[in-house]
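Engineer: Listed below, chain by chain, are the residues.
Number of protein chains: 2
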Amino acid sequence: MALPPAVELRRRNRAALLEQLHRHGPQTRAELTEALGLNRSTIGALATDLADSGHLQETTGQSTGSAGRPSTLVACVPQSITVSAVEIRADRLRFALVGLGGEVLERSETALEEGADAMTAVAGLTRGTAAAAVAAMPGLVDEGTVAHSTELGWVDRRVAADLEAATGREWKVVDTATAAAVGEWARGDAREARKLLYLHGGRGLTAGLVIEGRAQRGGSIQLGHIVVEPGGRECECGLRGCLEAEMEVRAYAEDIERTTLAAGMGDGAARDWLRRSGEDLGRALGAVVTATGPDEILFGGWLRELYLSTAAPVRSALAETTLPHLRSKLRLRTPVLGDEGALIGAAETGFEAVFDRMR
Amino acid sequence: MALPPAVELRRRNRAALLEQLHRHGPQTRAELTEALGLNRSTIGALATDLADSGHLQETTGQSTGSAGRPSTLVACVPQSITVSAVEIRADRLRFALVGLGGEVLERSETALEEGADAMTAVAGLTRGTAAAAVAAMPGLVDEGTVAHSTELGWVDRRVAADLEAATGREWKVVDTATAAAVGEWARGDAREARKLLYLHGGRGLTAGLVIEGRAQRGGSIQLGHIVVEPGGRECECGLRGCLEAEMEVRAYAEDIERTTLAAGMGDGAARDWLRRSGEDLGRALGAVVTATGPDEILFGGWLRELYLSTAAPVRSALAETTLPHLRSKLRLRTPVLGDEGALIGAAETGFEAVFDRMR
Chain A
126 MALPPAVELR RRNRAALLEQ LHRHGPQTRA ELTEALGLNR STIGALATDL ADSGHLQETT
186 GQSTGSAGRP STLVACVPQS ITVSAVEIRA DRLRFALVGL GGEVLERSET ALEEGADAMT
246 AVAGLTRGTA AAAVAAMPGL VDEGTVAHST ELGWVDRRVA ADLEAATGRE WKVVDTATAA
306 AVGEWARGDA REARKLLYLH GGRGLTAGLV IEGRAQRGGS IQLGHIVVEP GGRECECGLR
366 GCLEAEMEVR AYAEDIERTT LAAGMGDGAA RDWLRRSGED LGRALGAVVT ATGPDEILFG
426 GWLRELYLST AAPVRSALAE TTLPHLRSKL RLRTPVLGDE GALIGAAETG FEAVFDRMR
Chain B
126 MALPPAVELR RRNRAALLEQ LHRHGPQTRA ELTEALGLNR STIGALATDL ADSGHLQETT
186 GQSTGSAGRP STLVACVPQS ITVSAVEIRA DRLRFALVGL GGEVLERSET ALEEGADAMT
246 AVAGLTRGTA AAAVAAMPGL VDEGTVAHST ELGWVDRRVA ADLEAATGRE WKVVDTATAA
306 AVGEWARGDA REARKLLYLH GGRGLTAGLV IEGRAQRGGS IQLGHIVVEP GGRECECGLR
366 GCLEAEMEVR AYAEDIERTT LAAGMGDGAA RDWLRRSGED LGRALGAVVT ATGPDEILFG
426 GWLRELYLST AAPVRSALAE TTLPHLRSKL RLRTPVLGDE GALIGAAETG FEAVFDRMR
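As given, the protein sequences belong to chains A and B, one line each in that order.
Per the working numbering, the first sequence starts with residue 126, numbered consecutively.
Per the working numbering, the second sequence starts with residue 126, numbered consecutively.
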């Protein structure tokens, strides 16, 4: 049955106020009035209400946006709403319990033995009190199912259901690249990007797209399977000439640092590989940029090291395969959250669901 | 100032009811109660209200979904809310005035002389009574500006502002391919597609993406400028080996019917071109599919004829460049609205804005 209108409106305003403080940090009541377009008295009543329920507290300090003398700020109580975030990799699990406002309250990491069940390990790390639970993992993830993951070796695995069975609670499942894109947008310095493309280098190459703060529906972009050399090397996906196959990702991903070091010391083979890989990556990116039109690209995972040592070939191959109009507004750089992006983004995805549910 | 909650809620329910009838056609009150999740008495009050304001009328007949004897249906009054839709092409303009519920109330078409100003011609076709006005045109369109249009020869033209100056009213501007995708989703038979990719063949090749009924932000995909032959033929965009250049789009777009006819009669050059073009198109599509993951692709404009005569090479080149997981759920076909798609989609884009404004 529909709620009475006044109750429904108050719920929506509560959600909007909490989301505002979660995203932007402590603020004065005047700033909140301005940001949310509500009356001063409405803000006052909501803040009192949410302080009574233990979600907000008043502190003294300076809000992010303002200079001048300290004033009374409204701030989140981190423990009042928490989200469990897990990042699953082939060889380890990382866990964070993140509180309202973005503070990481707990953090742990565990190695996964060869053949160990990731779901059982997740159950060992997480507890049931969080308002939402989100797991990030590399691959083509859509609606709770991993259709294909080069890195984890999973095909059509119903991960959300498996996680629920192992832990007794509901899980949201996202891909690592998209989670990292969300993380960089929400907590990194990519907030200005309208369309943010995050490239993730793991044992495979994927990309995630965030459009105006929201993850693109339907999961990650299979960057590693853009065909850059028709009829080229055989790829394990069954195609020929995929970026992953041409770059010999399997052979190089594990020791990119050694390769860049060797190239720096004059190793001809390492140099050649870096240059060719940069060109292939730039060419694959050209197609992705033409199809998706991002204004910012972040090179994450081990693609960070690759990009830092091959920016010139990447850029020139990209220039040869991207319309000048799409290229002119494009920024290329490395992520500020580094390896933490996917875990933070998974938590933010959870908070998004929490706020959506409140409305 | 914020509206009182009850007023705001009533507005939102009015918008939801009108949108439901606009999209799905006449329905009984019981069906509306079910579809909108509102009380029967609320639906009754809303319907009476909207009948009084002239938006709805009661008729007798059968709703789309049901069999059995005719019953009393609630239906839109088409004239109560109208949208002006215009499609701008290089050589002509098409106009439709579309009423609430999707009925085309007026329709006209005018040739554009070489060098004529499209904006003045639009002003001559449209009148000021419509609730929204939307213009579709081929090219890379974003936030009221045409960044680049091969077909119209425009670069960074602020079309929304130009249209407003010529007609004295606000315009929304969309690209032809995206408009056609919206049209096929809303009024064609592509409603089941989660991600619908519409390919438009005009003097250039573009594509539009509709995700769960909403146009992808940031405008069309520049399909014609996916590089399919690195270092290949020079394209007028400045790159080399673009799909448009390799397919010699300029030379063939105008007489695709003659080319397919010639090929059918055994003309070797025409056959070769069709086969090569199909392969190039399939390869470019492989990259777009890998980047965007559609579940349905429609071949529109003159690509319709091309696809109908080269489906085999298109499909086999696509198979060589697309992950099996992405390919397995993909349907390829031709649009049911044919040439009307963009105009209908422009009108639907206008109605979407009208309903959003009502809330």
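Just so you know, these hints were derived from the structure itself, not from any lab.
A couple of the hints might just be wrong.
Repeated chains share a single entry, so a pair holds when one copy, or any two copies, can fit it.
Straight-line alpha carbon distances no greater than 20 Å define the calculated EDC-like cross-link-like pairs of lysine to aspartate or glutamate that follow [to be verified]:
#, residue 1, residue 2
1, Lys454, Glu276
2, Lys454, Glu183
3, Lys297, Glu359
4, Lys297, Asp281
5, Lys297, Asp267
6, Lys454, Asp380
7, Lys454, Asp481
8, Lys454, Asp392
9, Lys297, Glu317
10, Lys454, Glu159
11, Lys454, Glu465
Engineer: Hint by hint, say whether it matches the structure.
Structural biologist: Here is what the structure says about each hint:
{"no.": "1", "hint": "Lys454 / Glu276", "verdict": "neither (33 Å within a copy, 22 Å between copies)"}
{"no.": "2", "hint": "Lys454 / Glu183", "verdict": "neither (42 Å within a copy, 53 Å between copies)"}
{"no.": "3", "hint": "Lys297 / Glu359", "verdict": "neither (34 Å within a copy, 47 Å between copies)"}
{"no.": "4", "hint": "Lys297 / Asp281", "verdict": "within (16 Å within a copy, 41 Å between copies)"}
{"no.": "5", "hint": "Lys297 / Asp267", "verdict": "within (10 Å within a copy, 33 Å between copies)"}
{"no.": "6", "hint": "Lys454 / Asp380", "verdict": "neither (33 Å within a copy, 36 Å between copies)"}
{"no.": "7", "hint": "Lys454 / Asp481", "verdict": "neither (32 Å within a copy, 30 Å between copies)"}
{"no.": "8", "hint": "Lys454 / Asp392", "verdict": "neither (36 Å within a copy, 45 Å between copies)"}
{"no.": "9", "hint": "Lys297 / Glu317", "verdict": "neither (26 Å within a copy, 24 Å between copies)"}
{"no.": "10", "hint": "Lys454 / Glu159", "verdict": "neither (31 Å within a copy, 47 Å between copies)"}
{"no.": "11", "hint": "Lys454 / Glu465", "verdict": "neither (27 Å within a copy, 33 Å between copies)"}
Comparing the model with each numbered hint stated earlier shows that hints 1, 2, 3, 6, 7, 8, 9, 10 and 11 do not hold.
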